[in-house]
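Visitor: Make the full structure from the sequences, and use the hints.
Protein chains: 2
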Amino acid sequence: MTTQQLHEQILQKKSFLCVGIDPDLDKMPAHLLETEDPIFEFNKAIIDATHDLTVGYKPNTAFFEAYGIKGWMSLQKTINYINENYPDIFTIADAKRGDIGNTSSMYAKAFFEDLNFDSVTVAPYMGKDSVEPFLAFENKHTIMLALTSNEGAFDFQTLNVDGKELYKQVLETSKKWKNSENLMYVVGATKAEYFTEIRKIVPDSFLLVPGIGAQGGSLSEVCKYGMNDKVGLLVNSARAIIYASKGTDFAEKAREEALKVQQEMESIISLQFQV
Amino acid sequence: MTTQQLHEQILQKKSFLCVGIDPDLDKMPAHLLETEDPIFEFNKAIIDATHDLTVGYKPNTAFFEAYGIKGWMSLQKTINYINENYPDIFTIADAKRGDIGNTSSMYAKAFFEDLNFDSVTVAPYMGKDSVEPFLAFENKHTIMLALTSNEGAFDFQTLNVDGKELYKQVLETSKKWKNSENLMYVVGATKAEYFTEIRKIVPDSFLLVPGIGAQGGSLSEVCKYGMNDKVGLLVNSARAIIYASKGTDFAEKAREEALKVQQEMESIISLQFQV
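Protein sequences, first through last, are from chains A and B.
Using UniProt numbering, the letters of the first sequence map in sequence onto residues 1 to 275.
Using UniProt numbering, the letters of the second sequence map in sequence onto residues 1 to 275.
Derived from the structure by calculation, the hints contain no laboratory data.
Ideal Cβ placement from N, Cα and C applies to all residues, glycine included.
It cannot be assumed that every hint is accurate.
[To be verified] In silico lysine to any residue, SDA-like type, Cα no more than 25 Å apart, as pairs: (1) A:Lys-109 x B:Leu-25; (2) A:Lys-178 x B:Thr-158; (3) A:Lys-175 x A:Tyr-225; (4) B:Lys-224 x B:Pro-203; (5) A:Lys-246 x B:Gly-101; (6) B:Lys-77 x A:Gly-68; (7) A:Lys-27 x B:Lys-224; (8) A:Lys-140 x B:Ile-69; (9) B:Lys-27 x A:Phe-137; (10) B:Lys-140 x B:Asn-228; (11) B:Lys-253 x B:Asp-48; (12) B:Lys-164 x A:Lys-140; (13) A:Lys-176 x A:Leu-159; (14) B:Lys-164 x B:Lys-176; (15) A:Lys-109 x B:Leu-32; (16) B:Lys-70 x A:Lys-27; (17) B:Lys-260 x B:Glu-193; (18) A:Lys-178 x B:Phe-137.
[Stated by the list, open to error] These stretches of chain B come out as covered by chain A in the derived footprint (C-beta under 8 Å, 3 or more residues): (19) 157 to 169; (20) 230 to 237.
Guide: Structure follows, in structure tokens:
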């Protein structure tokens with residue numbers, strides 16, 4: 001999917017919601033546990049119930065890997081299901097990968113070719129040659145950690161590096177990398193006041209924003225400071241939507257929660273973009 | 001495996017070699033490609049040929065993930081094979097993971113419980129709460145990136161943060177984390193001159209040292225500056241050993257290359273430790 005197509009999807013659906021898919025057997029409705037592949041059945045039901053309200057799905061690879069081969073099979077079935085049934089949805093492998101060049105090439109192959117995700121999240125610590133192998137893929141997107149939503153973000157990301165916080169240095173440096181137009185960035189919703197500064201450095205880039213919902217970030221604050229003239233945001237919510245109910249009505253309740261977020265987004269988009 | 005047991009293995013085998021397992025179908029002997037699971041057959045042959053010369057194996061998860069479910073199955077078979085046949089070997093999942101707390105817990109579960117590795121590599125960018133879930137596992141080890149062997153290491157890791165390079169800040173800060181005695185660190189062999197400074201901060205920690213061999217690092221330089229009074233090093237070599245030959249003699253040639261490194265290590269250990 002191209003960036004332009006993603007922009008269009010957002011205006012068409014009046015939503016910049018991304019639903020995080022973090023399947024956890026301990027949090028799933030009991031009746032699903034008796035099926036052959038509870039993780040896939042859960043994901044499929046959530047996807048079918050929310051696909052018209054969201055522009056993206058973000059499976060978190062950790063929650064699949066924790067279940068070994070069975071988990072990896074569920075991940076493959078999940079991404080295939082989305083690609084086959086809802087090809088207009090932007091897919092994110094939330095994998096936080098990154099290694100020396102030849103290894104990053106293999107990760108890129110895993111997520112962009114084997115699994116056919118539109119994008120993958122990566123960590124910046126190892127620098128240019130750990131990220132450029134991902135950027136080499138046409139119409140695929142590499143979403144690099146800039147400022148994350150967790151408490152540990154303040155351990156290193158906000159340290160002062162030559163008069164400028166590390167996350168700003170990461171943003172600025174990455175703009176010089178080859179095919180940097182394929183970069184997007186992770187910026188946590190719990191740090192809305194930082195968006196103004198971030199938009200000065202990357203005015204046009206898409207920002208993937210976790211931390212709405214369970215982690216406590218505010219949607220209106222994020223939009224106030226982080227939106228650009230094409231929206232430019234993908235706001236992720238996982239637990240608050242997918243675990244809205246542990247009963248047989250889990251998909252229905254997930255839709256209700258997603259709808260609440262989408263309606264809030266619709267009113268913001270309508271106000272800002274007269275659509 | 002405890003740190004003490006790893007120290008003992010090193011003195012017993014007179015080796016602190018770790019063989020990196022980066023299976024790449026394009027680099028494997030042709031006759032293996034006709035088997036049902038070429039990746040596992042390749043790994044098994046390498047392991048059988050080198051297990052007495054090495055104290056560790058480090059499968060690189062990217063090289064398995066690139067082959068999808070089949071690759072993940074080969075990873076599981078490989079780690080099971082090592083654990084069943086060579087239980088004294090220290091195993092490292094080279095995965096470079098790290099995410100918010102509940103996600104890192106799932107990664108820890110994947111590598112420490114489901115796959116039963118002794119250790120896993122992690123990235124520091126997301127800070128304390130992204131690493132502590134790994135540290136909570138008893139007799140498991142978390143190997144955090146400090147100063148890597150690639151060119152991109154100079155993009156962020158060596159930037160000056162309040163008068164001190166970022167990688168030093170990472171080392172110092174991590175010492176304050178809960179269960180930090182379960183930490184080891186990645187320090188690239190291509191930066192041997194940095195080891196003196198690093199040893200001032202983490203005198204007792206094990207350092208996992210990639211970059212010997214294909215990446216050009218020098219073993220004697222690394223030992224000169226990086227060794228502590230219990231050796232304290234795991235020196236990784238992957239390509240130079242496992243791809244020493246593309247013929248039917250690949251395992252034999254891998255053994256020859258591993259033996260060269262082990263003998264160099266033996267002379268260093270004998271000199272320093274009178275064993």
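Visitor: Does each hint hold? Answer for all of them.
Guide: Now for the hints, and whether the structure bears them out:
1. Straight-line distance between C-alpha atoms of A:Lys-109 and B:Leu-25 comes to about 13 Å, which keeps the hinted pair within the 25 Å bound.
2. For the hint linking A:Lys-178 to B:Thr-158, the alpha-carbon distance of about 21 Å falls within 25 Å, and the restraint holds.
3. Taking the CA atoms of A:Lys-175 and A:Tyr-225, the gap is about 21 Å. The hint holds against a cut of 25 Å.
4. This hinted pair checks out: B:Lys-224 and B:Pro-203 have alpha carbons roughly 14 Å apart, not beyond 25 Å.
5. For the proposed pair A:Lys-246 and B:Gly-101, the alpha carbon gap of about 22 Å is at most 25 Å, so the pair holds.
6. Distance hint between B:Lys-77 and A:Gly-68 is fulfilled; the C-alpha atoms sit about 12 Å from each other, no more than 25 Å.
7. For the proposed pair A:Lys-27 and B:Lys-224, the alpha carbon gap of about 52 Å is over 25 Å, so the pair is violated.
8. Only pairs whose Cα atoms come within 25 Å are accepted, and A:Lys-140 paired with B:Ile-69 is accepted, the gap being roughly 22 Å.
9. Restraint check: the Cα-Cα separation between B:Lys-27 and A:Phe-137 comes to about 23 Å, which is no more than 25 Å; the hinted pair holds.
10. Between B:Lys-140 and B:Asn-228 the CA atoms are separated by roughly 21 Å; this keeps the pair inside 25 Å, and the hint holds.
11. Between B:Lys-253 and B:Asp-48 the alpha-carbon distance is near 13 Å, which keeps this suggested pair within the 25 Å criterion.
12. Annotation: proposed proximity of B:Lys-164 to A:Lys-140 is violated, straight-line Cα distance about 37 Å (limit 25 Å).
13. The straight-line distance between the Cα atoms of A:Lys-176 and A:Leu-159 is roughly 22 Å, inside the 25 Å bound, and the hint therefore holds.
14. A hinted pair counts as satisfied when its Cα atoms are at most 25 Å apart, and B:Lys-164 with B:Lys-176 qualifies at roughly 17 Å.
15. Only pairs whose Cα atoms come within 25 Å are accepted, and A:Lys-109 paired with B:Leu-32 is accepted, the gap being roughly 22 Å.
16. A threshold of 25 Å between alpha carbons decides the hint, and for B:Lys-70 with A:Lys-27 the separation of about 28 Å lies outside it, so the pair is violated.
17. As the CA atoms of B:Lys-260 and B:Glu-193 are separated by approximately 24 Å, the hinted pair is consistent with the 25 Å bound.
18. At most 25 Å may separate the alpha-carbon atoms for a hinted pair to count; A:Lys-178 and B:Phe-137 exceed this at roughly 40 Å.
19. Closer than 8 Å: that is the beta-carbon criterion, and the segment 157 to 169 of chain B has 7 residues meeting it against chain A, so the requirement of 3 holds.
20. Residues of the segment 230 to 237 of chain B with a Cβ under 8 Å from some Cβ of chain A number 0, which does not satisfy the need for three, so the listed coverage is violated.
Hints 7, 12, 16, 18, 20 from the earlier list are contradicted by this structure; the remaining hints agree with it.
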